[in-house]
Amino acid sequence: GEDVEQSLFLSVREGDSSVINCTYTDSSSTYLYWYKQEPGAGLQLLTYIFSNMDMKQDQRLTVLLNKKDKHLSLRIADTQTGDSAIYFCAVPSGAGSYQLTFGKGTKLSVIP
Amino acid sequence: GAVVSQHPSRVICKSGTSVKIECRSLDFQATTMFWYRQFPKQSLMLMATSNEGSKATYEQGVEKDKFLINHASLTLSTLTVASAHPEDSSFYICSAPGQGSVGYTFGSGTRLTVV
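Keeping their order, the protein sequence lines are chains B and G. Basically my numbering = 1-based index in the first sequence + 5. Basically my numbering = 1-based index in the second sequence + 269.
Read the hints as simulated data drawn from the structure, not as lab findings. It is possible that some hints are incorrect.
Said to hold, decoys possible - Straight-line distance between alpha carbons at most 30 Å, and here's what the computed DSS-like set of lysine-lysine pairs gives:
#: 1; chain 1: B; residue 1: LYS41; chain 2: B; residue 2: LYS72
#: 2; chain 1: G; residue 1: LYS310; chain 2: B; residue 2: LYS41
#: 3; chain 1: B; residue 1: LYS61; chain 2: G; residue 2: LYS310
#: 4; chain 1: G; residue 1: LYS310; chain 2: B; residue 2: LYS75
#: 5; chain 1: G; residue 1: LYS310; chain 2: B; residue 2: LYS72
#: 6; chain 1: G; residue 1: LYS283; chain 2: G; residue 2: LYS335
#: 7; chain 1: B; residue 1: LYS73; chain 2: B; residue 2: LYS112
#: 8; chain 1: B; residue 1: LYS41; chain 2: B; residue 2: LYS73
#: 9; chain 1: B; residue 1: LYS109; chain 2: G; residue 2: LYS333
#: 10; chain 1: B; residue 1: LYS112; chain 2: B; residue 2: LYS75
#: 11; chain 1: G; residue 1: LYS324; chain 2: B; residue 2: LYS109
#: 12; chain 1: G; residue 1: LYS335; chain 2: G; residue 2: LYS310
#: 13; chain 1: B; residue 1: LYS112; chain 2: B; residue 2: LYS72
#: 14; chain 1: G; residue 1: LYS310; chain 2: B; residue 2: LYS112
#: 15; chain 1: B; residue 1: LYS109; chain 2: G; residue 2: LYS289
#: 16; chain 1: G; residue 1: LYS335; chain 2: B; residue 2: LYS109
#: 17; chain 1: B; residue 1: LYS41; chain 2: G; residue 2: LYS289
#: 18; chain 1: B; residue 1: LYS109; chain 2: G; residue 2: LYS310
The whole structure should be built from the sequences, with the hints applied where relevant.
Have a look at this one:
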């Protein structure tokens, strides 16, 4: 099955850029997702990228996709304290699958 | 956009009792609903997939008789934790494919504590 890996922790200073990395194993996915989870809350879809793209920018968020290396990254520019949360990389579990496989989540801590 | 309402958000129950968690799709029909369990500092583990009008599909290792799933209508799926024990304490989240949009909509989660 699909395997999604991401580092568990990231600490940055307010105003700096944050880069959260993710690797996956199944290359047949059409969309790849980033979700944000604040303490005690559900998951919020942050952004996504279609598999035929290599970059997507949405305000402070930039998603980079390297299909060859099966590597996905999320860059948050001008990181704010409100960005402190856990960020999950999620990939559909196989072609045409509705099921998502999640990474373990990267806890982003923003230092004022 | 698509919204999934999940209730209750928190529940504390005594060991041996049953707890029901509801997830409703508010402005769309969800023929499929996913139920996840999240342990502290860990990722989401898919427990089961509920399908409207048919039996749920459980992931390997998930006890069907303990985690009862019912998807009786196109807008409501329920998860009942039967005879709950302290090891069932966890954060449970439901999710449905977003209708007409990319991605999946998640409920706000239920924190279950069994004492």
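Here is what the structure says about each hint:
1. B/LYS41 to B/LYS72: Since the Cα atoms of B/LYS41 and B/LYS72 sit roughly 23 Å apart, the hinted pair holds (cutoff 30 Å).
2. G/LYS310 to B/LYS41: holds, 14 Å
3. B/LYS61 to G/LYS310: holds, 29 Å
4. G/LYS310 to B/LYS75: This hinted pair holds, its Cα atoms lying about 25 Å apart.
5. G/LYS310 to B/LYS72: Given pair G/LYS310, B/LYS72 holds - Cα atoms ~28 Å apart, limit 30 Å.
6. G/LYS283 to G/LYS335: OK: G/LYS283 and G/LYS335 at ~15 Å, within 30 Å.
7. B/LYS73 to B/LYS112: Cα-Cα ~26 Å, so holds.
8. B/LYS41 to B/LYS73: The hint holds at about 26 Å.
9. B/LYS109 to G/LYS333: It holds: about 25 Å lies between the C-alpha atoms, which stays within 30 Å.
10. B/LYS112 to B/LYS75: Answer holds: B/LYS112 to B/LYS75 is near 21 Å, not above 30 Å.
11. G/LYS324 to B/LYS109: holds, 29 Å
12. G/LYS335 to G/LYS310: holds, 24 Å
13. B/LYS112 to B/LYS72: holds, 24 Å
14. G/LYS310 to B/LYS112: Status holds; Cα separation ~9 Å.
15. B/LYS109 to G/LYS289: holds, 27 Å
16. G/LYS335 to B/LYS109: holds, 25 Å
17. B/LYS41 to G/LYS289: Distance of about 26 Å is within 30 Å: holds.
18. B/LYS109 to G/LYS310: Within the cut-off at roughly 8 Å; holds.
Going down the numbered hints, you'll see the structure goes against none, and every one checks out.
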